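**Q** Each chain, letter by letter, is given below.
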Amino acid sequence: MPESRDRIDQTMPATYFDHNATTPLDPKVRVAMEPWLGELYGNPASLHAFGQAARDATEVAREQIAGLLGARPAELVFMASGTEANNAVLLGCSWNTSSKGHLVVSGVEHPSVWKPVLALQKSGMEVSWVNPDRQGRVDPEQVMAETREDTRLVCLMLANNEVGTLQPVEKVAGSCQERGIPVLCDAVQAIGKVPVNVADLKVDYLSVGAHKFNGPLGAAALWVRGGAIFEPLLKGGSQERQRRAGTVNVPAVVGFGEAAKVAAEELEVRSRRVLELRQRFESGLERIADSTVHGRLAERLPNTSHIALLGADSESLLIRLDLAGFAVSSGSACSSGTVEPSRTLLAMGAPREEASCSLRISFGPRNTIEEVDAFLDVLAREVAELRRLSSVPQS
Amino acid sequence: MKPTIAVAMSGGLDSSVTAWLLSRAGYPVIGLSMLLWDRSQDNTYGRCCGALDMGDAKRVAQQCGIPHYTLQMEEEFRRSVVDPFVQDYLDGRTPIPCTRCNTWIKFDLFLDKARQLGAERIATGHYARILEGPEGYELHAAAEPSKDQSYYLFELTQDQLASTLFPLGETSKPEVRLMAQEAGLLVAQKPESMEICFVEGGVRQFVESQVEAEPSRFKTKTLNRPSQVVDRNGEVLGAGEPYYRYTVGQRRGLGLAAREPLYVLRLEPDRNQVVVGPESELRAPGLIARDLHWIGKERHDPSEALVKIRSRHPGVLSVIRPVGDGRVEVEFAEPQVGVSPGQAAVFYEGSRVLGGCWIDGPMTEDWTLVARQSSRALE
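If you're matching them up, the sequences are chains G and F in order.
For reference, each letter of the first sequence is one residue, going 19 to 413 in this note's numbering.
For reference, each letter of the second sequence is one residue, going 55 to 433 in this note's numbering.
These are computed hints drawn from the structure, not numbers from a lab.
None of these values were measured; they are calculated from a predicted model.
Not one of these hints is a red herring.
Okay, the calculated bits of chain F under chain G, using three or more residues with CB under 8 Å as the criterion:
#	region
1	119-128
2	163-170
Cβ-Cβ distance ranges computed for the label pairs, FRET-style:
#	chain 1	residue 1	chain 2	residue 2	range
3	G	Arg399	F	Lys351	37 to 47 Å
4	F	Glu129	G	Leu315	25 to 35 Å
5	G	Leu364	F	Asp213	31 to 41 Å
6	F	Gly256	G	Asp391	54 to 64 Å
7	G	Ala63	F	Asn278	55 to 65 Å
8	G	Leu364	F	Glu335	56 to 66 Å
9	G	Asp391	F	Glu249	51 to 61 Å
10	F	Pro228	G	Arg399	42 to 52 Å
11	F	Gly256	G	Gly244	55 to 65 Å
12	G	Ser408	F	Gly238	36 to 46 Å
13	F	Glu249	G	Glu371	32 to 42 Å
14	F	Asn278	G	Gln139	30 to 40 Å
Each residue gets a CB set at the ideal place from its N, CA and C atoms; glycine is no exception.
Make a model of the complete structure from these sequences and hints.
**A** This is the structure in structure tokens:
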């Protein structure tokens, strides 16, 4: 055997290149949260001093997040996840009307959009899917061509979570606004990586999650344009101005606010940093045969590189890379930890064998050039070894 | 340097202890679970291929301090195990999916996958032993006969045996449970799964639901139609359930009033008939079979061995007579009850598994004659 086996060493520090899945907590965020995991407590809905302190903390956070998005604080509804935010809009849009209606949905949406859409379709809603071009970009004119009199909602994400392609949301939302069609924009993957301003975007609903930009898990928000129809998904107490029942997760929301504040301050530095890492990686990739970068010609998130390595099955490669100490992904993280061919890539028209030989590398500002170089070496080695093993039929 | 071992972890007790023993012995171990039949929707637990059990496998891997990954193999499992299982019932056979799963999934695909990941060996929690002998690797029954699973492994090849470890082959179930308790493995109290892992409810209902869900997957005979129950001479005795709900040797549930107890002798899918007769007619002097496989050196001449015609059969001394093209006749020293098409006949020499074959049906007196002539012609 060419390689020693001692690389399966659980104590070996691994390098994290999976920042589109989740990110490490920013130390400043942790400091902001700590009092609310210790001496401070209170239900923001309570009348007394404890409640008032908690409420004040969540309202500061709301202002911080509004600041990052160019939104009004009162338009933000705290939720537990980006998934919840997307579901709330989609499931809400089917209520309150007798007619079934119609949706226009892009073919690159996150499962938290397309799965509820499938559920709506099953219950009678008509759906037009708009697939992207080979670079992963959805054509605004195609989207508009699909809209109808009874179109209830258009769904177009800001940045694709797998390939990282930025979508022409502003253009689509502008045209939709003229026709009075609301737009849901899943911005979870974009926030903290590229500048986002809800006023410019002209969308009606925008979802954002804290843990994608160094905030804590369990905090997210839905921005609802003032005046837009909103039917709560969770019904119960009158929290969040009757838009989301359930006690607000105070520590997580406090961290969310701080993460938004830090992101607003550091956005440019972070973007430049991750772009530098990605350029290093993608130029180094040229020495691996049969490798391509998906969406290379499109505008992408600065930190995301989604590549195809023909003849190297993603499932096996991911495992080999993990054993070698590098955490990457094949696309969207799936709860069971298994690997399926990317729906986005298939929508982009990638052949199935290319989709099943793809890797997503998503950098974070704390990664280093040395880590990228070390990764390139290991990737070249593992891909070569895997291709060798896959081409030799076992007796 | 110790070889890297990939352990097939189902989330059950046996494979958990296997991973634990190997990791404690200092081998570099990778835990791998095969997602074969995802039933996360229906909350079944304690079976070998569901998503809930994957969760247990992951937690045990953490306890062992080894990395763990889940491999998606649902398509292959359906194609190689579940569909043939359903088709066998429709063809009037009683299949053993566990052997097919061993042959096509665990020791074929899984071994390939493990090699792709850089592992040199695989290990499973089967109760069987692999020994080195003059003819190469030998498969032997487990040291503890009550848990022996060697019957289900008769199709293994030399290459597979050379790359496989069965660390539990020398132990017993109580010992394994004790080891799990002492190690504090969280599956130590987990009950054993007894049924076929992908079948929930009755086998017959499963077969029907699979065909109804997607008829084009199968060469369907008559589904859900009452069968004719006939005797050996073709005389109709009454109406029965659809033929595939019966198993050869079955006595109960025929719903017939007869002077002597009646048993299912064979199924005739094309005619939707169930042939029944008294116990005496169930006895066969031997069997005919296909897909003959020898683990060691191939034997072309007739040879003697103890033959088990189902997993819990004590075995009967027999003459094994290959007749070419993978076909084989097995002649018992004394007639046996319950020779069932679709089951395996596995050959033993002491604890050693020599090989086996897949049963097509009982040998009748006439067949014996024909077979003798043809084997003489071969000589």
